[in-house]
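Visitor: Work from the hints to combine the two standalone chains into their complex.
Sequence order for the protein chains is A and B.
Residue 1 is where the first sequence starts when you use our numbering, and the numbers rise one by one after that.
Residue 1 is where the second sequence starts when you use our numbering, and the numbers rise one by one after that.
Hints are not guaranteed to be accurate.
Which chain B residues stay away from chain A? Per the calculated CB distances, all over 10 Å, these [claimed, not checked]:
(1) 63
(2) 107
(3) 219
(4) 224
Just so you have them, the derived chain A footprint on chain B, three or more residues with Cβ under 8 Å [claimed, not checked]:
(5) 168-174
(6) 177-185
If the Cβ cut is set under 7 Å, some of the chain B residues that face chain A in the computed set are [what the hints assert, rightly or not]:
(7) 78
(8) 79
(9) 80
Hints listed in this document are in silico derivations from the structure and should not be mistaken for laboratory results.
Beta carbons: idealized from backbone N, C-alpha and C, even for Gly.
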Amino acid sequence: MAANAPLLELRDAVPSFEESGLMPAPYNLRIMPGECAVIDCRDFERAAMFADMCTGMIPLTQGSIKFMGLDWSTLYDRQLNALRGRIGRISRHGSWLSLFGTHLNIMLPHLYHTTDPFDHVVQRATELGHTFGFPGLPITAPDRLSGADLARAACVRAFMGRPDLLILEDISDMLPEETVLPFFETMTAARDRGCGVLWFVRSTAAWHEYRKAVNIHMRLLDEGLFSLRVV
Amino acid sequence: MTENAPPPPEQEASGVLAQMAPPEESRDTGRFATLAGHFAPWLAAIGRLTRHQVRFTLLLIGAGWGTLRESLRPNSWRRPVIYEFRATLRQVIGGGFLSIVITATLAGLMVVSQAAYWLGYAGMAQMTGSILVSVLVREIAPILVGIILMGRSGMLSLTEIGMMVLGGEVRGLQARGIDPFLALVMPRTFAFTVGGFTLGMIFAVVSLLMGFVVAHASGAITSSVWTFFFNVLVAMTTWDYLIIPLKFVLVGFFVGLGACISGLTVSSNDTMATIMPRGFARGIMLVLVVNILFMLDF
Chain A
1 MAANAPLLEL
11 RDAVPSFEES
21 GLMPAPYNLR
31 IMPGECAVID
41 CRDFERAAMF
51 ADMCTGMIPL
61 TQGSIKFMGL
71 DWSTLYDRQL
81 NALRGRIGRI
91 SRHGSWLSLF
101 GTHLNIMLPH
111 LYHTTDPFDH
121 VVQRATELGH
131 TFGFPGLPIT
141 APDRLSGADL
151 ARAACVRAFM
161 GRPDLLILED
171 ISDMLPEETV
181 LPFFETMTAA
191 RDRGCGVLWF
201 VRSTAAWHEY
211 RKAVNIHMRL
221 LDEGLFSLRV
231 V
Chain B
1 MTENAPPPPE
11 QEASGVLAQM
21 APPEESRDTG
31 RFATLAGHFA
41 PWLAAIGRLT
51 RHQVRFTLLL
61 IGAGWGTLRE
71 SLRPNSWRRP
81 VIYEFRATLR
91 QVIGGGFLSI
101 VITATLAGLM
111 VVSQAAYWLG
121 YAGMAQMTGS
131 ILVSVLVREI
141 APILVGIILM
151 GRSGMLSLTE
161 IGMMVLGGEV
171 RGLQARGIDP
181 FLALVMPRTF
191 AFTVGGFTLG
201 MIFAVVSLLM
211 GFVVAHASGA
221 ITSSVWTFFF
231 NVLVAMTTWD
241 YLIIPLKFVL
251 VGFFVGLGAC
261 ISGLTVSSND
271 TMATIMPRGF
281 ARGIMLVLVV
291 NILFMLDF
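Chain B with its partners taken away, still in its complex shape (with noise of 0.2 Å):
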């Protein structure tokens, strides 16, 4: 009776199975199954390291993104928005300014006059107004301010919504219903944003004239202030009046964006020894890029 008996359910399953698959092809599996054990956790080394490496690139593409499409919503603009956007523009601007005027007056002195000098020397003083447009406002001046809106306010901001993640001031607004990509990041890259395109112009007015009065003082140059700004303008190409104020822009959005995002973005482990020197070189590497991209297609 008991050899009889119908096997147990389990038994008869695995039995079945047994018998539908045909040897070789689980014996294949198998060995792909040993195979793939084996090579898994490269793959997933290779995998990991990859992401953390492109992960900030990744987070700044979508944060880019975002910060873009939010702002076009008029309820985002909202009071407590308007007021950091407001502080921000007012320390990017102010706090920026006396570096900006020193920064472009040590330029314009070296630049204008050495370019005045030189070219004066060899006989191609006409081409004076296209090379301070090309080397000085074009070239120099954005990578400057970037690096100067970054060292004043981009590191503060960085250190701000660092300090306010790992105190839990973050979570804080989160739980008050109030997000900090709305409150934070976004009001503080576009005042990065207005506050590029302001000092960078600032620099580039200062720098041209600064140059001109050493240069008009030591008699390299010997025709008026309005001619020389005149020659610069028309040594100015379409292209210019374009990509000049495009880069102060980008420049001051990625450095705001940039700064936020490594911001809020610290973890439990990190401190300020940790955060300020990735920030500094994450914000050097995107005045770089945002400079070095515009050189390869224009």
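Chain A on its own, in the form it takes in the complex (with noise of 0.2 Å):
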């Protein structure tokens, strides 16, 4: 990837409407390492829905969405399993494993795409989930777990190893209050480092603190995705 190249770019990219759901408008979004994008969007599933096409999991008919200079439909299965372990992901519906202890589930995609020792991988969890208020790992199955404590899970998965790009689904309403600063800091971090940041929120609220660090607004309509003024 070029050093100026966009990190997340959609150029007039149409989704199959049968595949999605989504309007087959054309969207057009260009976020470079280290921006922050923040995308209003009330409901929940099309929000979900926009994330898995800028993932490449939704067939476009037109346009094209590149993620680090490399456009989704022209890579093979290993390669687009490869990139998308590049993303930090936080979903609302759909992301916890019942087979598996909530501490499994957090470490999955980094024990997956990596060969990192079992033993660092371990220490790194630990430590996110001490910032997000755990005392340890949980081990107890998701299932179990409140809808806080997922949420604290989701932010320590999500910022697991490093990701060149964050894709955060709104859990505002599930993230306990003490947890809102440290979420912050952390992508904060993350950005420093090179990470882009595209960030789904329903309402100004769950992003009013945050909104001096963010570069682009948009909102996302049935009728597509629109730019609006960053306040």
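Guide: And the structure:
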């Protein structure tokens, strides 16, 4: 990837309506390394679908989506998976496997994509766990954790492994008050080393305290993605 | 002046085409198009039905090949994949052990004691070994092991993966760059393969042993247990040494693969009430097909 190339670039990307349910409108977005784009979207499902589209999971009928200079549509499965491994993601639904404990759920992507020693991975996850208010790594099954603990665990997992892009769906309604500041700090630290952020929010309250650090503000509607002025 | 004006380009082009194409040929083409229009829906319906019927078979062949090919790549066996393999193997062998021992005991009581009794009655006691090998170990054991594997572990895998697909967890895995085929299908299929072989061997030994105990106690067999097992081993041909383990391995492989593929291919309209019967029917079919194929060839 060239030094001044965009990290994520949607160029007139028109998603397949049958596969996504998103309106087949051209979407344009460009996030440079270290930038933070906040996208207002009241519909969780639409936000999740758009996030899926940005990670190359939805076929396009027109246009292109490039991440780190690579067009998703030109990559093979292994390349696709390896590239998706560079994205830290917070999802509202369907992201916890009941087969494993929460600790394994948190470390699973990192253990899958890297050969880092297991102890290092555990140590890093525990440190992030402390940052987000856990006494250690939760080992119980995810379906036995409260919403607040699941939100904390989702943050730990998203920030594990120095991702190049963070795609964050809105969990502000579940995230405890005392975790908001560590969340902003960890996000800023990630941005400082060049990580881009695509942050979906439902209301201004979710990102109000972070507004000065936001570079791009857009609104995702049925008709497409519209730029708004950053306040 | 208007009479001499050139015609619009579309009219000109269609006029040229009309002059070029002979009228009989265009009539033939039209007739063919009408005929094709009549038959096309029927042909499409037949094609849809055929594809629907063989879809699972084709999926199974493709996934089987994919599983074998991917398993040979060293970087397919990543840490979560190995973890999943171990967890499934524990579940398959641990969950099926008691059922296998009980079923093998019952089968041994029925088949070995009956065979020993009736063969002795008919004056063909020397055939006991070969009859037991061909009936119990080669034919009955793989079927029973396959059914127990499917009931104890295959249905569990099918339900787990099916629910993960319906709950969006599989999509969540894909969003994080984790290939569900590598993370779920491949390790589970190989765990079933190893589990099938292990449980099959346990079944064979326990059923023969229990049969011997009963037959010895009733006086149908008077030789020692060592002589009994020696007779069984002597009665086995070279092919039996190959085919019997191969049957256990293949039954395990296809039960595991069939369950995982059935789970991965559930649609949003599916519920437990549709997933389970379909998976059970496919599992039984696979167990029988593997055994029947071997019966035909050998």
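Visitor: Decide, hint by hint, whether the structure agrees.
Guide: Comparing the hints with the structure gives:
The claim that residue 63 of chain B lies off the interface holds: its Cβ sits roughly 14 Å from the closest Cβ of chain A, which is beyond the 10 Å cut-off. Against the 10 Å criterion, residue 107 of chain B stays outside the reach of chain A, whose nearest CB is about 33 Å from its own CB. Distance to chain A confirms residue 219 of chain B as a non-interface residue, since its nearest Cβ pair spans about 52 Å, more than 10 Å. Every Cβ of chain A is farther than 10 Å from the Cβ of residue 224 of chain B; the closest lies at roughly 48 Å, confirming the non-interface assignment.
Counting residues of the region 168-174 of chain B whose CB falls under 8 Å from any CB of chain A gives 6; the rule of at least 3 is met. As drawn, the region 177-185 of chain B meets chain A at 4 residues by the rule of a beta-carbon pair under 8 Å; at three or more, the given contact holds. Given the 7 Å rule on beta carbons, the hint for residue 78 of chain B holds: about 5 Å separates it from the nearest Cβ of chain A. Hint status for residue 79 of chain B relative to chain A: holds, with the closest Cβ pair at about 4 Å, below 7 Å.
Among the interface hints, the one on residue 80 of chain B holds; its C-beta lies about 5 Å from the nearest C-beta in chain A, closer than the 7 Å criterion.
In summary, the structure agrees with every hint in the numbered list given earlier.
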